[in-house]
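Let the hints inform the model, and build the full structure from the sequences given.
The working numbering puts the first residue of the sequence shown at 100, with every later residue one more than the last.
Hints listed in this document are in silico derivations from the structure and should not be mistaken for laboratory results.
Given the structure is predicted, the values throughout are model-derived calculations rather than measurements.
We put the CB at the ideal spot given by N, CA and C, even for glycine.
There may be inaccurate statements among the hints.
[As the list claims (entries may be wrong)] Cβ-Cβ distance ranges computed for the label pairs, FRET-style:
(1) Lys132 to Glu170: 30 to 36 Å
(2) Lys133 to Arg154: 16 to 22 Å
(3) Asn172 to Gly135: 27 to 33 Å
(4) Met122 to Lys196: 30 to 36 Å
(5) Asn172 to Ala198: 17 to 23 Å
(6) Ala198 to Lys125: 17 to 23 Å
(7) Gly171 to Lys129: 28 to 34 Å
(8) Pro145 to Gly174: 17 to 23 Å
(9) Gly199 to Ala114: 24 to 30 Å
(10) Thr151 to Glu202: 17 to 23 Å
(11) Lys129 to Ala175: 27 to 33 Å
(12) Glu170 to Asp105: 24 to 30 Å
[Said to hold, decoys possible] List time: in silico DSSO-like cross-link candidates among lysine-lysine, alpha-carbon distance up to 27 Å:
(13) Lys103 to Lys150
(14) Lys107 to Lys150
(15) Lys196 to Lys132
(16) Lys167 to Lys107
(17) Lys107 to Lys129
(18) Lys132 to Lys108
(19) Lys125 to Lys137
(20) Lys150 to Lys196
(21) Lys167 to Lys108
(22) Lys196 to Lys129
(23) Lys133 to Lys193
(24) Lys196 to Lys137
(25) Lys129 to Lys108
(26) Lys129 to Lys103
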Amino acid sequence: MAQKLDNKKLLACCANGAGSSLMMEKAVEKVMKKYGVKPAELRHCPVSEGKTAARNYDVVFCARTFAKTFEGNLGANTTLIPLRNVMSAPEIEKALKEAGLVE
100 MAQKLDNKKL LACCANGAGS SLMMEKAVEK VMKKYGVKPA ELRHCPVSEG
150 KTAARNYDVV FCARTFAKTF EGNLGANTTL IPLRNVMSAP EIEKALKEAG
200 LVE
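Structure follows, in structure tokens:
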């Protein structure tokens, strides 16, 4: 089931696109490695950029406080993963399991 994320585009967004989104990207990377997933792209950016870029990604990770920012800005097949702790690999893993993207 992890293959669902192979060759997919993943985006991590935070307020300014610097510290916390980079840490989120690293946590996502850790989960991808655990499941042997090889995404086509994994990058981080500020929410302001992510809001417009989101429709070009398969999975978008953000802090729960920014989830509403993405309403109406996601592609038809884009999955939004809002997180309480953006640096928590276990929370990211759990959210991906709940979304049916890893098993």
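ask   = Which of the stated hints cannot be reconciled with the structure, identified by number in ascending sequence?
value = 2, 4 and 10
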